[in-house]
Amino acid sequence: MITSAWTTDELGAAIRSLVRVVMDLPENTVRPANQLAPTGDQVTEFATVNVIMTDPIGQPSRAVDQTDPDDELSTVEAIEVPIKVVASVNFYRSPIADPTGAARHSSAAFDRAVQFGQRLHLSSSIETMARMGLCLTDVSGARNIPAVVDANWESRGQLDVTFQVIARTTAPIRTITTVPLTTQVQSSGDAIDTTTTEVTS
Amino acid sequence: MSTAVVDAQDMTELMTDPELGSRVFTLRRSKPGTFAEEGVHQPAFDERQMQGIVQPATAREIELMAEGEHLDKVIAVWAPEELRCGDGNRLGDVLVIDRETFRVIKCEPWPQAGYWRAFAMGFIAEQP
Chain U
1 MITSAWTTDE LGAAIRSLVR VVMDLPENTV RPANQLAPTG DQVTEFATVN VIMTDPIGQP
61 SRAVDQTDPD DELSTVEAIE VPIKVVASVN FYRSPIADPT GAARHSSAAF DRAVQFGQRL
121 HLSSSIETMA RMGLCLTDVS GARNIPAVVD ANWESRGQLD VTFQVIARTT APIRTITTVP
181 LTTQVQSSGD AIDTTTTEVT S
Chain D
1 MSTAVVDAQD MTELMTDPEL GSRVFTLRRS KPGTFAEEGV HQPAFDERQM QGIVQPATAR
61 EIELMAEGEH LDKVIAVWAP EELRCGDGNR LGDVLVIDRE TFRVIKCEPW PQAGYWRAFA
121 MGFIAEQP
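Going down the list, the sequences are from chains U and D.
With the numbering used here as the guide, the letters of the first sequence map in order to residues 1 to 201.
With the numbering used here as the guide, the letters of the second sequence map in order to residues 1 to 128.
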């Protein structure tokens with residue numbers, strides 16, 4: 001069976017986890033973008049992650065590995081491709097309500113986008129990314145993009161984060177286990193002398 | 001010339017009148033879902049039967065909807081009880097009518113007159 005290390009959904013989940021940890025946000029407040037799901041009232045902050053591009057870089061490295069060191073039949077061909085991944089991270093809403101319960105004007109979500117870009121360079125963030133197999137290569141500037149939602153302006157901030165990941169694809173290699181070998185020897189006037197043996201890998 | 005003042009009529013009875021096209025269909029109402037895999041919503045629904053009048057939405061009604069919804073199958077539903085759109089706390093109602101599924105996208109509540117009017121957009125659901 002051919003296996004690949006990353007799917008976009010798995011990649012998205014890893015980046016959502018990174019955003020949540022780095023920004024110290026409550027569980028399940030960082031969600032996939034374009035999801036049909038309730039998001040609470042006007043002052044309930046949340047964030048989304050959308051993997052908007054994956055781009056293979058350079059040539060793949062090719063190797064033959066054994067997945068089980070004790071099993072010679074577990075030989076696989078492994079291809080490792082470095083891939084550039086761009087994720088669009090969006091922060092929504094501000095946490096302060098006016099006396100009517102509507103969100104008060106604030107640039108809180110934009111500030112979160114700015115802070116996220118900065119916090120990614122903290123040692124603790126780099127350690128988290130290393131554990132996840134994400135290598136940070138670029139952080140874009142944050143964009144302030146409020147929008148009108150439910151008769152009010154909703155604070156929004158966005159930035160693109162570029163990572164490099166290694167996508168490893170493996171495919172099993174069929175191993176020759178035995179090769180039957182037959183030799184036939186004959187001298188002039190003699191009968192054929194046949195010998196059969198098996199060569200084991 | 002005389003002016004007649006007409007009180008708001010209770011239309012509940014009409015909503016369940018088969019002669020006006022009232023029929024039974026399935027209502028799937030969302031209840032609080034859960035989350036898995038770092039923020040992926042897992043919706044949950046209660047299912048029951050309800051009765052109402054179902055008609056295709058008119059061209060004028062469709063014209064007033066968002067542009068992306070113009071080409072989809074849109075129906076108008078009159079019901080004697082509440083039909084719900086999605087909001088910040090829940091997903092919109094899903095109606096199953098003749099094995100076709102529709103998500104409620106716009107609601108006009110007229111509870112004083114005994115009915116709720118809703119527009120719902122068709123989508124291809126997985127067949128069991």
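FYI, nobody ran anything at the bench for these hints, they're computed from the structure.
You may find that some hints are simply not true.
To be verified - Just so you have them, the derived chain D footprint on chain U, three or more residues with Cβ under 8 angstroms:
no., stretch
1, 92-104
2, 182-191
Stated by the list, open to error - Negatives, chain D to chain U, calculated, CB over 12 angstroms:
no., residue
3, T12
4, L14
5, M15
6, S30
7, Q127
Built from N, CA and C at the ideal position, the CB exists for glycine as well.
Hint numbers contradicted by this structure: The structure conflicts with hints 1, 2, 6, although it agrees with all the remaining ones.
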